[in-house]
Amino acid sequence: MNPTIKLTGVVKRFGKFTAVDGLDLEVPAGVTFGLLGPNGAGKTTTIRMIMNITKADEGEIRVLGEPMSEALQERIGYLPEERGLYRKMKVIDQILFFASIKGVDRKTAMERLERWIDSMDLRPWLQKKTEELSKGMQQKVQFLGTIVHDPPVLILDEPFSGLDPLNVVLLKDFLTEFKRQGKTVVFSTHVMEQAERLCDRIALIYRGKKLLDGTVKEIKHAYRDRVPLPPPVEPEPELEKIFIKAVEESGLSAPTAEALR
Amino acid sequence: MSAVNPKLLAVIRREYLQQVRSKAFWISTILIPTLGLGFIFLQVALSKSLIAKGKIGVVDLTGRLYQPLLAEYAARGDDDEDAAKKAEEARDEEGRRNRSLSTKIDFFKVDATAATLPDVRRKLNDDVQKERIKAYIVIPADALQKGDAEWRAQSVKSDLVMRETIASLLSRAATKERLKDQGVSPDVYDKARLKVTLDPREAKEVETPEASKNAGFNLAISGIFFFLIYISIFVYGAFIMRGVLEEKNSRIVEVIVSSVRPTHLMLGKIVGIGLVGLTQYAVWALLTLGLTLPAVVGALGLGATLPPIPTGTLVAFVVFFLLGYFLYAGLYAALAAPFNTEQEAQQFVMIPGMMLVLASTTWFFAFNSPNGMLAQVLSFIPFTSPLLMFMRISVQPPPAWQIGVSVAILLVSIWAVAWLAGRVYRVGILMYGKKPTLPEIFRWVRQAD
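Here the protein sequences line up with chains A and B, keeping their order.
As numbered in my numbering, residues 23 to 283 make up the first sequence, in order.
As numbered in my numbering, residues 185 to 633 make up the second sequence, in order.
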């Protein structure tokens with residue numbers, strides 16, 4: 023079976039600076055793939071080249087076996103690192119616009135949205151302008167806009183950055199669900215803990231070059247003797263779980279935009 | 185290109201609906217004609233305030249002109265029943281002007297001789313400076329031979345209308361006095377005066393009486409449409425600039441260009457806003473049409489309906505508005521894309537603004553001599569031609585080949601600007617943070633795909 027995403031010898035230069043330097047990468051179908059690396063490693067540039075937003079200077083990029091095209095873009099859900107919404111647009115119009123530029127007609131989009139609107143508590147907000155929403159709500163709208171065309175491939179650039187803890191959980195749940203559905207997910211992060219928990223495979227890039235590539239298990243195995251093991255810890259509840267429990271137990275509903283002003 | 189790209193359509197649709205649904209659109213749709221009409225009313229009101237008003241001292245050293253001046257002032261615009269019909273017609277225009285402009289001049293005689301003149305002047309100067317009187321005139325002893333008199337007021341620049349009015353009254357009075365010197369009755373002057381008007385017609389075998397009748401109306405239409413093109417390009421250019429910056433600042437642009445080609449996003453924005461402009465025109469056209477319906481005209485007591493706007497002018501207006509808009513719109517999009525704020529973009533956006541202002545200032549040349557050298561040259565230069573060629577067509581249609589060449593040059597320019605703008609736009613919209621320098625922007629243009 024063809025890999026879902028395949029990069030061969032990809033190079034990108036900005037003037038004298040080489041952002042991506044001969045990168046080879048293979049993302050098999052149906053896996054959740056973590057693109058790791060410190061800030062400035064070339065993650066965003068790589069992702070932009072996969073999406074054909076920036077053109078590679080050298081090398082070849084194939085997604086689902088084809089070079090990137092407009093038709094292919096419709097089969098990818100892309101969440102860039104620099105993301106946002108039209109502030110003056112109604113939430114529902116905004117989501118339907120995202121659907122329309124992904125080639126999904128209004129009717130199909132509305133049917134699909136029905137499934138998610140309630141689970142995301144978005145229904146009361148659909149006719150509101152985006153700028154009236156809280157930041158957390160806007161993040162949900164943004165995410166909904168990313169998946170409204172039900173793409174088989176998701177490419178997310180630092181999807182967790184800036185999310186509030188509730189949305190972090192929501193996104194993790196979605197990613198787990200996508201994995202179950204057999205979708206291919208690629209996301210970049212510099213937070214190793216997220217990668218460790220969510221990814222089947224990871225690649226570590228640094229200064230535009232790939233340092234590590236493989237399943238999490240393989241990589242851990244390879245480094246077992248060279249990296250000291252952490253001291254055994256007594257099991258204790260995670261802060262994130264505590265946060266959610268506290269919110270649930272408060273019995274209060276999610277804050278409204280007015281309340282947040 | 186077989187069918188229009190559906191994503192491009194989606195972008196156009198969004199842009200159009202967002203704008204048309206916004207309050208700003210309806211406010212500007214109402215405000216622009218209101219301001220326009222307000223401006224016209226202001227002009228009318230101001231021209232009324234031009235009424236020459238105030239006390240004018242008259243130092244008449246000839247001793248012969250003061251009374252005739254008063255007589256001419258009193259007779260201004262009065263229907264001279266005795267005068268022959270022709271003479272009356274000849275005076276008609278002048279009379280009307282005087283009636284509407286010089287109703288409140290209060291002449292008073294100041295006695296003086298050549299010897300006392302300096303003292304009298306000192307006194308009158310003081311009166312003018314202290315605003316006890318508006319101005320004074322000194323008619324020297326040889327005025328009837330030389331035709332020179334003095335006007336003394338606080339400023340040499342102001343009260344032009346009053347000065348001209350009094351000069352014309354004095355001219356008439358002096359002419360009559362000079363006729364007397366020749367032994368001719370001054371009444372002859374009023375009877376003999378004849379104003380000749382030139383009736384403009386095109387030098388063709390076929391008469392075009394209707395056009396010549398509505399000449400004034402047609403010129404007004406040309407002027408109004410000329411400034412509509414000018415203002416619209418300015419306003420919608422600013423819309424485009426703001427839209428591009430908004431997409432950048434809200435960081436939505438990268439989300440969109442992951443499914444829409446940047447050139448399509450730019451084009452969609454330009455077309456969408458262009459349609460908004462046409463919608464605005466359509467609203468105005470309907471309003472105008474509504475106001476000129478016989479029933480409405482009757483109800484409002486507006487009197488005669490307006491004559492129809494010549495089709496050629498209308499077609500030229502739409503064509504050259506669109507061509508001009510597309511040309512400038514590409515520039516505005518390209519000049520906004522590299523920047524993060526309106527302030528940053530402003531210095532570059534001023535370039536098309538200046539070109540527009542420059543083009544608009546030449547309207548009078550095109551209006552007055554549509555086939556003059558300047559008008560001809562400017563109607564071929566792409567950044568001035570949308571305005572100038574429209575003006576020429578509406579005043580006096582140039583040869584068809586000239587219109588064709590002008591349109592062709594515009595189309596090529598639009599293509600060139602769009603190409604250039606597309607390249608700057610594509611790179612610019614993903615650049616955040618530091619304001620790019622001009623060499624950097626040129627490098628984006630050179631960068632291969």
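Do not rely on the hints blindly, as some may be mistaken.
Not everything, but these chain A residues come out facing chain B in the computed CB check (under 10 Å) [said to hold, decoys possible]:
1. Phe39
2. Thr40
3. Gly44
4. Glu80
5. Met111
6. Ile114
7. Gly125
8. Thr152
9. Ser156
10. Gln164
11. Pro174
12. Ile177
If you are wondering where the hints come from, they were derived from the structure by calculation, not from laboratory data.
For every residue, glycine included, the Cβ atom is placed at its ideal position computed from N, Cα and C.
To see whether the hints hold, each was checked on the structure:
1. Phe39: violated, 14 Å
2. Thr40: Not OK, violated: A/Thr40 not within 10 Å of chain B, min 16 Å.
3. Gly44: violated, 20 Å
4. Glu80: Status violated, d = 12 Å.
5. Met111: holds, 6 Å
6. Ile114: Nearest chain B Cβ about 13 Å off; hint violated.
7. Gly125: holds, 7 Å
8. Thr152: holds, 9 Å
9. Ser156: violated, 16 Å
10. Gln164: Holds, about 8 Å.
11. Pro174: Violated. Min distance 15 Å.
12. Ile177: Interface hint status for A/Ile177: holds (9 Å vs cutoff 10 Å).
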